[in-house]
Amino acid sequence: MANSVVASLSYCAEENIVCATMRGKAQSIDVLNNANAIIEFANSYNAKAVLIDVREFEHAYAKDEFIDVCNKLAPLLGQFIIARVVSYQGFMHELVTQKVRELGVRVKNFDCQEQARNWLRPLSC
Numbered sequence: 001m002a003n004s005v006v007a008s009l010s011y012c013a014e015e016n017i018v019c020a021t022m023r024g025k026a027q028s029i030d031v032l033n034n035a036n037a038i039i040e041f042a043n044s045y046n047a048k049a050v051l052i053d054v055r056e057f058e059h060a061y062a063k064d065e066f067i068d069v070c071n072k073l074a075p076l077l078g079q080f081i082i083a084r085v086v087s088y089q090g091f092m093h094e095l096v097t098q099k100v101r102e103l104g105v106r107v108k109n110f111d112c113q114e115q116a117r118n119w120l121r122p123l124s125c
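The UniProt record's numbering applies: residue 1 is where the sequence shown begins, and numbers increase by one.
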């Protein structure tokens, strides 16, 4: 399956927050590649707060890859504070958040971007 993920990245200097929007279906390698792109972008601005909107994003890989993906993501994302805007239609977004949180990543899911920004703002300085 070809990569069908569309990612957009932006930086809000006022809040020192990187915003990423992910759309489409992703294989495990796509998730890791996009995580690396977000990290590189955030590091270029010296930002530690990241808002990731995954409401239109779907994990399209086998359940047996889940733990491996989380184990690879956690050390990459550990330096950041991450707010994820999710739809609660699927369980995978919640599982990813729970697993990487267990592995030491400071991450929380939200229903909307405003809630996510409000949580990140005091932590982004």
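Keep in mind the hints are simulated off the structure, nothing from the lab. As the structure is a computational prediction, the values presented were derived from the model and not from experiment. All residues carry an ideal CB built from backbone N, CA and C; glycine is no exception. Be a bit skeptical, because a hint or two may be false.
Calculated cross-link-like contacts (lysine-lysine; reagent style DSSO-like; alpha-carbon spacing at most 30 Å) [said to hold, decoys possible]:
#1 63 / 25
#2 25 / 108
#3 48 / 25
#4 72 / 25
#5 99 / 48
#6 72 / 99
#7 63 / 99
#8 48 / 72
#9 48 / 108
#10 63 / 108
#11 25 / 99
#12 72 / 108
Cβ pair distances, simulated, as ranges [claimed, not checked]:
#13 25 / 71: 33 to 41 Å
#14 106 / 11: 18 to 26 Å
#15 114 / 65: 29 to 37 Å
#16 78 / 11: 28 to 36 Å
#17 4 / 63: 16 to 24 Å
#18 62 / 118: 15 to 23 Å
Numbers of the earlier hints that this structure fails to satisfy, in rising order: 13, 16 and 18
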